[in-house]
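From first to last, the protein sequence lines stand for chains A and B. Position 10 (the first sequence) corresponds to 10 in full-length UniProt numbering; numbering is contiguous. Position 139 (the second sequence) corresponds to 139 in full-length UniProt numbering; numbering is contiguous.
Honestly, the hints are just simulated from the structure, not real lab data. There may be inaccurate statements among the hints.
Because identical chains share one entry, a pair is satisfied inside a single copy or across any pair of copies.
What the hints assert, rightly or not - Dumping the calculated DSBU-like pairs for lysine-lysine here, alpha-carbon to alpha-carbon at most 35 Å:
hint, residue 1, residue 2
1, K373, K180
2, K92, K373
3, K248, K160
4, K281, K219
5, K342, K93
6, K215, K163
7, K373, K347
8, K180, K156
9, K131, K373
10, K373, K215
11, K134, K219
12, K373, K342
13, K210, K281
14, K373, K163
15, K92, K342
16, K342, K163
17, K342, K196
18, K156, K134
19, K248, K134
20, K342, K160
Protein chains: 2
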Amino acid sequence: MKRLRTIMALAVSVLFLAACGNLSNSTSSSGGATTSKSGTTLTGQTSNGDYEGVIKNGHYLTSKSRGVTNTEDSGNVYNVKSFESGMQNLSKKIYPPQSYVFQEGQYLDSSTVEDWLGRESSSNPTGLNPKKNKSTSPTSRNPIYIQALEEQDYMKQSGKSLKLSGMTIGIAVNSVDYYKKTQYGATYQTNISQAKGEAYAKDAAKTVLKRLRAKKALKDVPITIALYRQSSNDSLVGGTFFAYTQSKGNQTTINNWSTVNQKNYVLPVENGESGPKSADKTAFSNFKSQVTSFFPNLSGVTAQVHYENGSLTGMHVNVTTQFYSQTEITSFTQYLAQAAQKYLPAKVPADITVTSATGETQSYLSRSENGSKFQAHVFDSY
Amino acid sequence: MKRLRTIMALAVSVLFLAACGNLSNSTSSSGGATTSKSGTTLTGQTSNGDYEGVIKNGHYLTSKSRGVTNTEDSGNVYNVKSFESGMQNLSKKIYPPQSYVFQEGQYLDSSTVEDWLGRESSSNPTGLNPKKNKSTSPTSRNPIYIQALEEQDYMKQSGKSLKLSGMTIGIAVNSVDYYKKTQYGATYQTNISQAKGEAYAKDAAKTVLKRLRAKKALKDVPITIALYRQSSNDSLVGGTFFAYTQSKGNQTTINNWSTVNQKNYVLPVENGESGPKSADKTAFSNFKSQVTSFFPNLSGVTAQVHYENGSLTGMHVNVTTQFYSQTEITSFTQYLAQAAQKYLPAKVPADITVTSATGETQSYLSRSENGSKFQAHVFDSY
Chain A
1 MKRLRTIMAL
11 AVSVLFLAAC
21 GNLSNSTSSS
31 GGATTSKSGT
41 TLTGQTSNGD
51 YEGVIKNGHY
61 LTSKSRGVTN
71 TEDSGNVYNV
81 KSFESGMQNL
91 SKKIYPPQSY
101 VFQEGQYLDS
111 STVEDWLGRE
121 SSSNPTGLNP
131 KKNKSTSPTS
141 RNPIYIQALE
151 EQDYMKQSGK
161 SLKLSGMTIG
171 IAVNSVDYYK
181 KTQYGATYQT
191 NISQAKGEAY
201 AKDAAKTVLK
211 RLRAKKALKD
221 VPITIALYRQ
231 SSNDSLVGGT
241 FFAYTQSKGN
251 QTTINNWSTV
261 NQKNYVLPVE
271 NGESGPKSAD
281 KTAFSNFKSQ
291 VTSFFPNLSG
301 VTAQVHYENG
311 SLTGMHVNVT
321 TQFYSQTEIT
331 SFTQYLAQAA
341 QKYLPAKVPA
351 DITVTSATGE
361 TQSYLSRSEN
371 GSKFQAHVFD
381 SY
Chain B
1 MKRLRTIMAL
11 AVSVLFLAAC
21 GNLSNSTSSS
31 GGATTSKSGT
41 TLTGQTSNGD
51 YEGVIKNGHY
61 LTSKSRGVTN
71 TEDSGNVYNV
81 KSFESGMQNL
91 SKKIYPPQSY
101 VFQEGQYLDS
111 STVEDWLGRE
121 SSSNPTGLNP
131 KKNKSTSPTS
141 RNPIYIQALE
151 EQDYMKQSGK
161 SLKLSGMTIG
171 IAVNSVDYYK
181 KTQYGATYQT
191 NISQAKGEAY
201 AKDAAKTVLK
211 RLRAKKALKD
221 VPITIALYRQ
231 SSNDSLVGGT
241 FFAYTQSKGN
251 QTTINNWSTV
261 NQKNYVLPVE
271 NGESGPKSAD
281 KTAFSNFKSQ
291 VTSFFPNLSG
301 VTAQVHYENG
311 SLTGMHVNVT
321 TQFYSQTEIT
331 SFTQYLAQAA
341 QKYLPAKVPA
351 DITVTSATGE
361 TQSYLSRSEN
371 GSKFQAHVFD
381 SY
């Protein structure tokens, strides 16, 4: 179940360097990235919109359940990034980075999370996934619903130390459960409808909240539980969050859920697929035709687009082409900046990563939500 | 001799988006990146410090000798980037980007350059490299001196079109010539001293200038010839320019050469190697020890540093580490910004590329010469 999460070279979040956050000198006289060899310090902040992280005794305080997930090696890597970034983005509205420090989960350790992600059985009574039944047929077997569970801690300064002041638990539910009937056999799949996955996850969330409240340290802490639906393994974009609940300190039951309305698409849209807004599709299509004609050899141009409440809120564009020289990369990057400026939807955070046919990142451009122009960087060498 | 130039994910030149250059509307009513399907337009400019490039009939005007070089597939890819970027940087002092437009070489075609890069022989009278002698011994054979030759054109607006107003020819000389005695046999090497390579290249430059002046279109054009010494194949940094000459229009002989004093090093310096300034070494070493301790698992930290006239003028830092989550990448990137700010030499353009163990670009940071702070970008996905 453990695996090293391979990570894709795609793109978001331009962090503009800002002064150290207000907490950066809070817990150590040396402060910021100075990293004294003992005690707690913070990573510093490159953007007011991002959390500072916790450094303990000179090392980054990694998660107690680092690297644990149900995701198999062949799983969709987009889900992993999208799940973790999405949890943090959702948390920003509840635990704003101006007042809170981010800490990787310290209260659920690897073996706990591994047990929870397993099936319930006599040897694993805490498994959140259903008991095995006798069937191996895609429609009548009990699938694995809960694919990943992650904890994020949000801290506040308290005297000379940091105090846990909020927690976000992300629960990722499969849309498709991939399974094998025999160890090295063919892969089968059980589809899980939105309704069924949602009901199962909300039920599991109740159990999780009770277990967390049973821990002394978590008795009084605000806990956010966010539910995520994974995309299938053949998708070129990750899944989305669909609900969250906010539990005040001491509250052991979940009374209501807030809906999260997110959609992800890949552009260009394939025939027959439901897609994003027509204006956004057209804008991308115009951009793409400008870009593909730049070089005699064709460029591949795709994009991941993200919608919240029906509005486009971000896009990651990926351009693949064959370069012959460094000067071509520079010229192409300048051209992209102008074309993106002209054709891509305005007022939307966007970035463009330019990759060689062999997979190396050549340059990238980005524009923040309020930025009117693209900033560009060409990777070079001495 | 032809090969597709593979290109490394390393880093320079932060281009901050600026208004279109003064020439961007010069040759077409549509201007900039609008790319009318006929006529000449320009790429637009992301930085005042960079050249705009030429788009003809909707396509980028690629070099007539695109992809031609003596470099073998196993050659040092750093040389390729460093040679081309270096030519452009050198040209900026002579043909400033505010007044000139960059055009990929249009006057020397592939077969011409291929012939010139060959050995002189009865079947190849224009070969710039020496005739084969009978020896195959490393010290008594005639090595291949000239490894690459590249043309860059610098244009000025003239009415509705662009006029060739300057040219830079780069000649890259081997420091080591790699050769085989039999087709699939072992690789041997002939070392070429700085003095010998320089003398040979200056001689070849005379021939090249005469040949260019014999072309009607190049009779009156200012021509810059810049000489570059390649680094060896096992080097982790490219070579450097060591001389250039400026030939006015009509001038058919080379009277004098200007010295270019450039040095490249890789940090940390290996035992016994000559290195950069002690203060810069120490600064990097402090930075490195801060960074490597951040995660429980070790990070690899190296840098390419570039000196001009004895002063550090730029550094590309490369950090490789194993990540388990997107939140770790964000925290690490913020930490790097603070550590780089604190430890790396001030007032030097610097960038940092963070790469996973599997070679994917995770994030990068950069600071321009005048910038006091690092800007950061974390690659993400929906």
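Status of each hint after checking the structure:
{"no.": "1", "hint": "K373 <-> K180", "verdict": "neither (50 Å within a copy, 52 Å between copies)"}
{"no.": "2", "hint": "K92 <-> K373", "verdict": "both (26 Å within a copy, 25 Å between copies)"}
{"no.": "3", "hint": "K248 <-> K160", "verdict": "within (25 Å within a copy, 70 Å between copies)"}
{"no.": "4", "hint": "K281 <-> K219", "verdict": "neither (48 Å within a copy, 51 Å between copies)"}
{"no.": "5", "hint": "K342 <-> K93", "verdict": "both (32 Å within a copy, 32 Å between copies)"}
{"no.": "6", "hint": "K215 <-> K163", "verdict": "within (16 Å within a copy, 77 Å between copies)"}
{"no.": "7", "hint": "K373 <-> K347", "verdict": "both (10 Å within a copy, 26 Å between copies)"}
{"no.": "8", "hint": "K180 <-> K156", "verdict": "neither (46 Å within a copy, 66 Å between copies)"}
{"no.": "9", "hint": "K131 <-> K373", "verdict": "neither (54 Å within a copy, 55 Å between copies)"}
{"no.": "10", "hint": "K373 <-> K215", "verdict": "neither (49 Å within a copy, 43 Å between copies)"}
{"no.": "11", "hint": "K134 <-> K219", "verdict": "neither (39 Å within a copy, 87 Å between copies)"}
{"no.": "12", "hint": "K373 <-> K342", "verdict": "both (10 Å within a copy, 30 Å between copies)"}
{"no.": "13", "hint": "K210 <-> K281", "verdict": "neither (45 Å within a copy, 55 Å between copies)"}
{"no.": "14", "hint": "K373 <-> K163", "verdict": "between (40 Å within a copy, 30 Å between copies)"}
{"no.": "15", "hint": "K92 <-> K342", "verdict": "both (31 Å within a copy, 28 Å between copies)"}
{"no.": "16", "hint": "K342 <-> K163", "verdict": "between (48 Å within a copy, 28 Å between copies)"}
{"no.": "17", "hint": "K342 <-> K196", "verdict": "neither (43 Å within a copy, 53 Å between copies)"}
{"no.": "18", "hint": "K156 <-> K134", "verdict": "neither (49 Å within a copy, 78 Å between copies)"}
{"no.": "19", "hint": "K248 <-> K134", "verdict": "neither (41 Å within a copy, 88 Å between copies)"}
{"no.": "20", "hint": "K342 <-> K160", "verdict": "between (51 Å within a copy, 24 Å between copies)"}
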